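Enquirer: Here's the letter readout for the chains.
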Amino acid sequence: LLFATGIAYGTIASGTLPVLWGFLIALFVASGTAILLDLDDQSIRRGLFGFNAALVGTALPTYLQWNGILAGYIALAAIVSVIVTLALTRFLGTWEVAPLTAPFVITSWFATQASYGLALLSGTSLLGPPRLPLGAPLALAGLTPDTFFQGLFRGISQVYFINNPFTGFIFLVALLVNSRISGSMAILGSLVGLFTGLAFGAPGATVLQNGLYGYNSVLGAIAILTFFPLAWKSVAIAAFEAIAAAVAWAALDNFLAPPGIPVFTSAFVITTWALLLARKDLRPLPSARLAQTLLGTHQQGDAERR
Amino acid sequence: LLFATGIAYGTIASGTLPVLWGFLIALFVASGTAILLDLDDQSIRRGLFGFNAALVGTALPTYLQWNGILAGYIALAAIVSVIVTLALTRFLGTWEVAPLTAPFVITSWFATQASYGLALLSGTSLLGPPRLPLGAPLALAGLTPDTFFQGLFRGISQVYFINNPFTGFIFLVALLVNSRISGSMAILGSLVGLFTGLAFGAPGATVLQNGLYGYNSVLGAIAILTFFPLAWKSVAIAAFEAIAAAVAWAALDNFLAPPGIPVFTSAFVITTWALLLARKDLRPLPSARLAQTLLGTHQQGDAERR
Amino acid sequence: LLFATGIAYGTIASGTLPVLWGFLIALFVASGTAILLDLDDQSIRRGLFGFNAALVGTALPTYLQWNGILAGYIALAAIVSVIVTLALTRFLGTWEVAPLTAPFVITSWFATQASYGLALLSGTSLLGPPRLPLGAPLALAGLTPDTFFQGLFRGISQVYFINNPFTGFIFLVALLVNSRISGSMAILGSLVGLFTGLAFGAPGATVLQNGLYGYNSVLGAIAILTFFPLAWKSVAIAAFEAIAAAVAWAALDNFLAPPGIPVFTSAFVITTWALLLARKDLRPLPSARLAQTLLGTHQQGDAERR
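Protein chains in written order, with the numbering used here: chain A, 120 to 425; chain B, 120 to 425; chain C, 120 to 425.
So that you can see chain A by itself, here it is in the shape it has in the complex (with noise of 0.2 Å):
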């Protein structure tokens, strides 16, 4: 629900209404396929369906022209993306391994790829144009304080398509007032991918501003302390997990560049599936100071819980 009700807010406060329609019907279809599936814990799953309906409907009128077939061809890929969650749930079952928002990734690839062999399908400004990589120019000279506030809460605000650091600022309160590690580890994961991308040289003004080294950090970063129990070696991890996600956008963004679609959120995915499959050789233990620090002596039952 905080999920919904945030793109529903950061949608319409970016004036695209589009991207709040193509939520709707992504949502309502997957609920209504989860429905007629008759899905056997739908109480469990459905949230997974709905979120990766949802992010597949956030994502396509982000980077397709709204026109009515477009809303077809979401109502099309939210039925997909709850049979690609039905199936990689089952493959990285085998390992215990969640999909996360892979059935949104993949999903959305095939949907914005077709795009560019079907007439009505149009891409808008921000997918492609399809080109070979080229290397960056060192662009020092942009980086002013500025950039680095914007980068960090567009870079939370990215995690939903939404370039704005206002939009970002409102994410994380929320993030923070629901579970106090989540909204830690999206500034942590935020800040991290941002010096990552400084310490190489990625380009301030254009991408370290837009937030593009943050989105897939603060997803990592959440979702190790999600996976991993809550310990000061957890923590290393999901620092190092940023730093991971934030190179691997940048080799996602260059190698995706000749076919001429979106990163999405496939670094976050990649390096976190990486960390899970190898969770039982890290094994970190849970530690009850750190418990104390974030969550107060009281709610340290349910820290433990999780």
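In short, the hints are calculated from the structure, not lab data. Small disclaimer: the values here were computed from a predicted structure and weren't measured. Careful, some of the hints might be misleading.
[Claimed, not checked] Stretches of chain B that chain A covers, calculated by requiring three or more beta carbons in the stretch to come under 8 Å of a beta carbon on chain A: (1) 240-253; (2) 386-394.
[Claimed, not checked] Derived SDA-like pairs: lysine to any residue, alpha-carbon spacing no greater than 20 Å straight-line: (3) LYS399(C) with ILE154(B); (4) LYS399(C) with SER150(B); (5) LYS352(B) with LYS399(B); (6) LYS399(C) with LEU156(B); (7) LYS399(B) with ILE154(A).
Beta carbons: idealized from backbone N, C-alpha and C, even for Gly.
With the hints as your guide, set chains B and C onto chain A.
Expert: Showing chains B and C alone in chain A's frame:
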């Protein structure tokens, strides 16, 4: 055997004799390899080996110019396709999913992609050239009822890389004689694929008319009714698969444009794998009434035994 | 240790000192990471961690220009390679298949691809530039016996990105001293890879002479005799693997041309994985006579214990 006759007939009819040689070389070498390896459950598996190898042998002379070197290359590719079939059978066995035509797709991707670096193997006009994806222009002008009928039957013949509506009609009759279900699904798949392309604005005169939006949907619809029980829910899933395979073709056609290799039947393989992985959650129940309609009362028992 | 000495010697001989620094940084950081993580079966696994990390440390200064930032980038990549090794070991453990050098390939792909977006990390003349695949011209004119001998030994030195026939000869002697089987397989692999390229018309003076058709085949042939029992059938499989790895190199070299990243040893990894997955169906029996020829009567027991 039916497929063999179909390909033999089709290639002779099209006057492309190299395709027939390629087909025979691949079938002969793959069978020899299977015997040499003394494969365990020969009777079951050799059909699969032969089928994928035959497709490789049919595809390579279609996309690469015929010469003595290509004959050796096809023999090599046929052995590779047997190994890939064994490897994928073991890999996918974890989820009780069949390799379908993936051994053919993977082997042919490597073989056609490598030809760009090998001077003695040149592509035909059908291979590449490598290019960055471009938006498709809207071309509704060229759409006539003729486009429609051509697309319907060419969609069936394209399963074997044959671009000929009459051959498609022959294949369809052969399929219907062999199995009323497979024949019906071939019509359903080709129709749904064609209309999916039409609905989203695929270029009519060139792409739709040549059945390129149909052949993956034909295979997909037939495969669904092979792996799912005979039920109305399965027919609905087959229709959905036909839509998904058509859009996936458009996506893969553009994704593989920069490296310059063909889609082959990868759109069918990927979308059907997703549905097979999700099979347990989709669980359609057999429908006695549908069985009666399609098979007649006496054949009903056969259908349920599938 | 032998590999370490080989790389140290090779880089000093080639006058490319950054490669030696990269090698040492990666080995040091990966060992430190393995100790910090207190990995369970240290004695067994640390060899694998170190080997893949060392390859990453050798590859990055070969493809990216040396500076202080790159030193930090290599340290980061070394940690990533440890995580990827753990993740792939768990993933592939399902089928009892080893990760081989895939952790190195995957880590180095991400690291080199990301450099296109990072201004402080510039490619050397060996990286890219990104381009669409072009047909290769036939260039038999440049083929001399010298091409042949150069290709044979450079094919062995290229395993460590060193393009030097004398270094290849030293490596071969070291391999033969260490294990007669591995040494023989290195010769077999380099020869078969070279002749495969020759047979299908690979550009002689540039590509074949530099051993690019050999290094994956060398690794593949050695790996087959490591994982399959010592038997004539295994030698035949190793020769087949050498052919497949050479063609796969040509395919991957063109497939990775648009994004502009190197093949590394991916051709070896993919083809060997296919054979390892199919291992049970290939099941060659150990040959006592071959063991005698290659190992002498007294060493036979060792070979069977492998």
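Enquirer: With reference to the structure, classify each hint as holding or not holding.
Expert: Right, here's what the structure says about each hint:
Counting residues of the segment 240-253 of chain B whose C-beta sits closer than 8 Å to any C-beta of chain A gives 3, which meets the bar of three, so the coverage hint holds. Counting residues of the segment 386-394 of chain B whose beta-carbon sits less than 8 Å from any beta-carbon of chain A gives 3, enough to reach three: the coverage restraint holds. Taking the CA atoms of LYS399(C) and ILE154(B), the gap is near 16 Å; set against the 20 Å cutoff, the hint holds. Note on LYS399(C) and SER150(B): the hinted pairing holds, with a Cα-Cα distance of about 19 Å set against a maximum of 20 Å.
Between LYS352(B) and LYS399(B) the alpha-carbon distance is near 13 Å, which keeps this suggested pair within the 20 Å criterion. Distance check on the hinted pair: LYS399(C) and LEU156(B) sit about 11 Å apart at the alpha-carbon level, within 20 Å; holds. Pair hint LYS399(B) plus ILE154(A) holds up; C-alpha atoms about 16 Å apart against a cutoff of 20 Å.
Going through the hint list in order, the structure satisfies each hint without exception.
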